[in-house]
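Protein chains in written order, with my numbering: chain W, 1 to 281; chain R, 1 to 314.
Careful: at least some of the hints might be erroneous.
[Said to hold, decoys possible] Where chain R lies over chain W, by a calculated footprint (3+ residues, C-beta under 8 Å):
| # | region |
| --- | --- |
| 1 | 107 to 118 |
| 2 | 188 to 198 |
| 3 | 240 to 252 |
| 4 | 255 to 268 |
[As the list claims (entries may be wrong)] Cβ-to-Cβ under 7 Å is the rule here; a few derived chain R residues that face chain W:
| # | residue |
| --- | --- |
| 5 | L5 |
| 6 | V6 |
| 7 | L9 |
| 8 | F11 |
| 9 | L13 |
| 10 | A125 |
| 11 | A128 |
| 12 | Y132 |
| 13 | I139 |
| 14 | A140 |
| 15 | F142 |
| 16 | G273 |
| 17 | L289 |
| 18 | L296 |
Calculated directly from the structure, the hints in this document are not laboratory data. Virtual Cβ for every residue (Gly too), placed ideally from N, Cα, C.
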Amino acid sequence: MNRLARFSAILLAVLVGAVILVPMLAATDPLAIGDVLATRLVPPGASDRLGRFHLLGTDRFGRDLFVRMMLAGRISLAVGMAGSVLAGVVGTVVGAVAAWRGGAVDRIAMAISDALLSIPRLILLLLCAALWRPGAATVLAVLGATGWMGVARLVRGDVLGVRAQPYVSAAQALGASSRRVLWRHVVPNALGPAIVATTLGVGNAILLESGLSFLGLGIQPPAPSWGNMIAGGRDLIVTAPWVAIAPGLALIVTVLACTLLGDSLRDRLAGERPRDLAERA
Amino acid sequence: MLIWLVVTLTFVLVRLAPGDAAAILVSPTATPEDAARLRAELALDAPVVVQYAKWMGGLLRGDLGESFTQRRPVSAVLGEAIPVSLGLGLSSLLLTFVVGVAIGTLQAARRGTVVDTALTFATTAVYAAPSYWLALSLIAVFTYGATVWGLPAAFRLPAFGLRDPAGTEVGWAAVVDVVRHAILPVTVLAAVGAAGIARYARSTVADLAGAEWVRTARAKGLRSGVVYGRHVLANALPPLVVLLALSLPGVVAGSVFVESVFAWPGMGRVMVGAIASRDYPVVMGATVLYAALVILANLAADLALPLIDPRRDS
């Protein structure tokens, strides 16, 4: 692991620690609205009229932006990671089964995956997000439902390759059931690219979650997410830009760390392909 | 076949949505009878299979149906939005390519220097930034910043809409007005795209710059500019053009956010609005259009490759 990747890993660990601890230890409730007039729109690094210090200032309801941002980070990080893992798991299962079964199963699975791949992921997300009531669970399900195709293709290709290995025939000759051979012998050896894709997908999933929340289709206020915090600062951008800028910076740092970590993982396991880059909105 | 699958999947996805379109469309004071009448009028009470057959039939004739909310053909609604989005997408794509390749090449040529490290950091950071946040930041700089820091009046760029709301200019003045309105959105979209292209161009050019024939070219005494222009970039171009074609749909889809922030009347805004109001025909029409764009872009990449890379013939 190179220096940059190690730095990213430490940064992410610190972030995870901060988003868990800060809201627990904070003096103020990040959701409660108190004396709005005395506390609203305090600039970063200043104190409000009640004498409380706010590291990143306050929003229009006088809520501390730093504490809210950390609370939002919990949701954004959790949804991003879980969404990416969900997509990875679905993709692995579909790809492995398609390659193992072959025939009609394979053709149908790949046809659906091709069809879904030809709609830009963001548009697909918007379509699906409109299906259910917006919220964290919906975003999670939608991230899983729209992100599995790439992984499925990778795993399918690798399973087809691994299937020809002698140890697979050996396992079959020893009388292991087809299911056991697939999940115990084939899939674990075809997992490398899937893990890379999933890791690289975390940053993207966090971005997409924030995008949905920004458009009002994701996490709903008063629960904070980086996306809806930016949306909340949108009409204050001329008078109090920090309200929208701060959560965006948190988002960038997080996604940056995830990308750098994923990049170094990929450099060790596989080469870069143009399609990986193009998939990003 | 692929297009048929996309179209069917879109239909299924949209119809899975809970919530009655008619209930949202009728006025707040409407009675259940009014809603039923509207449902019959929009053919929403017909069996799903019949609706599907009707929609497919229309689609084959190039008819996308009629918008529920605007009561005019979907093709007219989208027809107004497409030029806006496509213009935005294509101009930023062009800028993306030029700026991205230039930055990537510069980095590769100055590999390992401070310039390279700084640019790597900058491109990776911009690449990680959500476009709507970049858009808001730019607005902050050019509105809030322009007044606070006392920038000259030319820097006070309009942040919203496609044209001046008064819209009195004609001829060249109108063009200038649109261009002034386009500067911020195009910059945001191009910045995100260029960051991605630059990352890729850097690694491609860096790989090629180490090749033996590049050393030969240098040994011949060619100037550095000629070596990069004629020998390295010419070989780096094919994969970059493929990447460019593949990223066109992403740029157009990415304009959902940019259009939303800058209040541009493009596809993205139409799509988001239609989803919110359950305007099924518009949502389905827009999705099919996006899918067609992806398929076309892939096709274009495949077709363009032999043209720019003589080594390939297919």
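Going down the list of hints, with the structure as the test:
A count of 7 residues in the region 107 to 118 of chain W with a Cβ less than 8 Å from any Cβ of chain R is obtained; the coverage claim is therefore met, three being the minimum. Counting residues of the region 188 to 198 of chain W whose beta-carbon sits less than 8 Å from any beta-carbon of chain R gives 0, not enough to reach three: the coverage restraint is violated. Counting residues of the region 240 to 252 of chain W whose beta-carbon sits less than 8 Å from any beta-carbon of chain R gives 6, enough to reach three: the coverage restraint holds. For the region 255 to 268 of chain W, the stated coverage by chain R holds: 4 residues have a C-beta nearer than 8 Å to a C-beta of that chain, and at least 3 were required.
Because the closest C-beta pair between L5(R) and chain W is about 4 Å apart, less than 7 Å, the hint holds. About 5 Å separates the beta-carbon of V6(R) from the nearest beta-carbon of chain W, less than 7 Å, and the hint is met. The interface hint given for L9(R) holds, since its Cβ lies 5 Å from the closest Cβ of chain W, which is under the 7 Å cut-off. Because the smallest distance between the Cβ of F11(R) and any Cβ of chain W comes to about 11 Å, over 7 Å, the interface hint for this residue is violated.
The beta carbon of L13(R) comes within 5 Å of a beta carbon in chain W, closer than 7 Å, and the hint placing it at the interface holds. Interface restraint check: A125(R) against chain W, minimum CB-CB distance 6 Å, threshold 7 Å, status holds. Hint status for A128(R) relative to chain W: holds, with the closest Cβ pair at about 4 Å, below 7 Å. Interface restraint check for Y132(R): the shortest CB-CB distance to chain W comes to about 6 Å, inside 7 Å, so the restraint holds.
At a threshold of 7 Å, the smallest CB-CB gap from I139(R) to chain W is about 5 Å, leaving the interface hint in force. Satisfaction of the interface hint for A140(R) is found here, the shortest Cβ-Cβ separation to chain W being roughly 4 Å, below the 7 Å cut-off. With 7 Å as the threshold, the beta carbon of F142(R) stays out of range of chain W, its nearest partner Cβ sitting at about 10 Å, so the hint is violated. The restraint placing G273(R) at the interface with chain W is violated, with a minimum CB-CB distance near 11 Å, outside the 7 Å limit.
Hint status for L289(R): violated, given a least beta-carbon distance of 10 Å to chain W, over 7 Å. Checking L296(R) against chain W by beta carbon gives a least distance of about 10 Å; that is not within 7 Å, so the hint is violated.
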